Amino acid sequence: MKELDFVRLTLWLAGIVIVAFLVGWWWKGREIRQTEKDLAQIRVHCAEIGRIVKDLKILQDERRNDKLPQELHDKTGIISYFSQMAQRCQINPSRDYTWKPRDPDVNKKGGWVDQAYMIDFKKDQGKSRDQIMKFIFNCESQSRRIKLQKARLSLPEEWAEKDLWNADSLVFVQRNAQKTAGG
Amino acid sequence: MPTQLAVDLSHVRVRAVEVDGSAKSPRVRSFTAADVPPPPPPAEGEPAARVSYAESLQALASRRRLARDPAGVAIATLDCTFREIELPFTTPDQIDRVVKFEAESHLQLVDIDSVVVSYQFLDSDGRGGSRLLIAACAKEIISGAVADLGKIGVDPQNADLHLTALYGGLRATGHFTAPPPPAADAPPAERSLGETVLALECDPDLTQLLVVRGEQLVAARALRFGTAPAAPQLPAGGAAAGGKPAAAADVDETLVVVDDLGGEDGGRHGRRGGDYFARLRREITRTLLKLGPSVTAPVKLLLMGRAGRDAEFVRDLGRALDLPVEVVRPYDRVAHDLGTEELEEANAEGVAALGLALRLLGEVGGSRVEFRQEEVRYARRFDQIKVALACTSIAALLCVAILCLERVQRWNTLNEELIHATSAVLSEHTAHVASEVLFQKVTGGELRPVEATAQARRELTKLADDLREQLGRSTSIPRLASGLDYLNAVVTAIDRQLATIGRLQLTTIDLDIMKEKPSLKLNGIVNAPESVDALVRALRACDAVTGVQEPPVAGTKDGRLQFTNLEIDLVVNYDPRAKQEGGQ
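Residue numbers (my numbering), protein chains in the order written: chain A, 1 to 183; chain B, 184 to 767.
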């Protein structure tokens, strides 16, 4: 039987193990480079997601505080919105003004819908400047989507001393995204 | 088969034979020989210096480009010590196991660890035992010879012995006749063992005697007397100095007897028992007597060595030994590429080299002496470096293993970091999307972490965009201008200039920003015409206003001034917050 050459055997084994280790070393190196690349990308994602989440929190807070109903066709909700705002400044919604929505103006190109609401105060129901301004302020501040677009205020001579104003016409417009508006 | 190189060493000559072909059909390619310079005389009390072959080998190599590998060497007979021993077995395996221990008791003056012991099978005793010629050669001598050969790039695989290589050369070239096969019913005692033949190589420093029965070597002796100094005067071509053949008288006049210690105390030929032939005859007789009745009287003498080229020497030798002398010409019996003079020289002194060369080609039955054993064993180039290579490879293995471990550890750290980062991102995603699908996909291996975070980013971006749209903050849907902002800006501008304007009583405010050009119309009462100008200036200074036209004025009953239709052109899509942010 041929004598076993331990040195040769050691060389062979060492060679095979070295080659295996080198392959493993190269393969791990590739993985490390890939992981570093992934990690760099995840860091970028992480930073972006951080900003997005911060915005989201603000938006969600804003959404929670937005008193305007989400849907344009929710008439009860809109009426209720104006009523609440009016009552906060001692304006009686059923007695002091009439509320009338106009037809929605769909901006197909931009993808939004403008819905105007006309509030006509009755001629005999004069209101102080504070009441009228408070009402306008309340209506605008409780939702970012609704703004005053037209206002015609007059001070009749007979109410001048009492500083009672006649709000002939207030037009508020609510702007919603088309899909949110159900368009 | 590649060309093989056989180098035969002796203390006076080195010979090299290049041979190729096979054992059955060898072809001698070249034969070269060179003299060995005598070693310097040793200092008093110092041992004699080893004979160096380097110079002679360099001379050989410079004369001809010799093959280097494979190669063999025949160690000089004078460098070895010989004994005959008997062992109770005949198989090489059994002999190999005990030969060195057996030799130790026969070589009492030799440190057995400093020598390599090899042997040549001589004869069997017919009772299961064998008679061996053991040869011991100092490892220092062998390594020295190998080192000298190394200087011309030759690393011999085999180290034979000159004495036994002679036998191999003669046997392979058919100088011995095998006994006829015995009759099937012949009793063992009547079986012929063959004729006895003597073979002599007469060198200047040594006479080597072989006794061969049939084809079997039965005795080999190195007789430490030679034909010196006549032989060294012979040129390489075998001719005497000056190109003329050595005259018998000259040879006779210069023959000396070299004693067993190498001294020339025998004196000149014909003096004080120093007759070369007489002493040779005595030694041969002693050898044959020692062999006993198993050896018949020799039938002829085969003569080798450069002395064989001297006809008178041959005649005298035959006469002295009373035997027919045949000068051997082994090279005539093999194919060769040698020239005439080269052939003569090879025939005279190249028998041992030829024997070694044929052994390298695979010829069996000749010499089996092998000195490349133990520390001086032949190692291929790879074997010479394999231990260093193994150590280096183990060191390399350790280094590579450490590198691998470092990489694995680094990968683990990065992976952990990756998992934490992904978990953080997906947690935010899950909190807002209320779905753990991405988590499950990453855990299940369906998505890579980076793909999952990219998807989470996309989903969260979409969620935020949807929410922005719902809240009217989308960048794609234009901002709705606020009437309150316009009123506030105008009132603030008037308030700033109120001291200049004086008392101002507004009676009508008509705001319309739904038009393409937003406008504000005011009616009111002021105290003086300057107040109207001041009012117009104040309004023009307002950042929500683009232009103001001078209003028509009229006096009132109480002496004040009434202005009507004060038309104010407003900035389109006025946003005071954007201006503040821009200012910051």
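Just so you know, the hints here were simulated from the structure itself, not pulled from any lab data. Owing to the predicted nature of the structure, the values given are computational and were not obtained by experimental measurement. Cβ atoms here follow ideal geometry from the backbone N, Cα and C, with glycine treated the same way. Among the hints, erroneous ones may be present.
[Unchecked claim] One-sided and incomplete, this derived list gives chain B residues near chain A with beta-carbon spacing under 8 Å:
#1 Cys587
#2 Thr605
#3 Gly628
#4 Leu630
#5 Pro632
#6 Val633
#7 Leu654
#8 Gly666
Evaluated hints:
Interface restraint check: B/Cys587 against chain A, minimum CB-CB distance 5 Å, threshold 8 Å, status holds. Given hint, B/Thr605 at the interface with chain A, holds; its Cβ is 6 Å from that chain's nearest Cβ, closer than 8 Å. A hinted interface residue such as B/Gly628 counts as satisfied when its beta carbon comes closer than 8 Å to some beta carbon of chain A; here the least separation is about 15 Å, so the hint is violated. At its closest, the beta carbon of B/Leu630 sits 12 Å from a beta carbon of chain A; the interface hint therefore is violated under the 8 Å criterion.
Proximity of B/Pro632 to chain A holds as hinted, the smallest CB-CB distance being about 6 Å (cut-off 8 Å). A least Cβ separation of about 4 Å between B/Val633 and chain A falls short of the 8 Å threshold, and the interface hint therefore holds. The criterion of a C-beta within 8 Å of any C-beta in chain A is met by B/Leu654, whose closest approach is roughly 5 Å, and the hint holds. The interface hint given for B/Gly666 is met, as the beta carbon of that residue sits about 3 Å from the closest beta carbon of chain A, less than 8 Å.
When held up to the earlier numbered hints, the structure conflicts with 3, 4 and fits the remainder.
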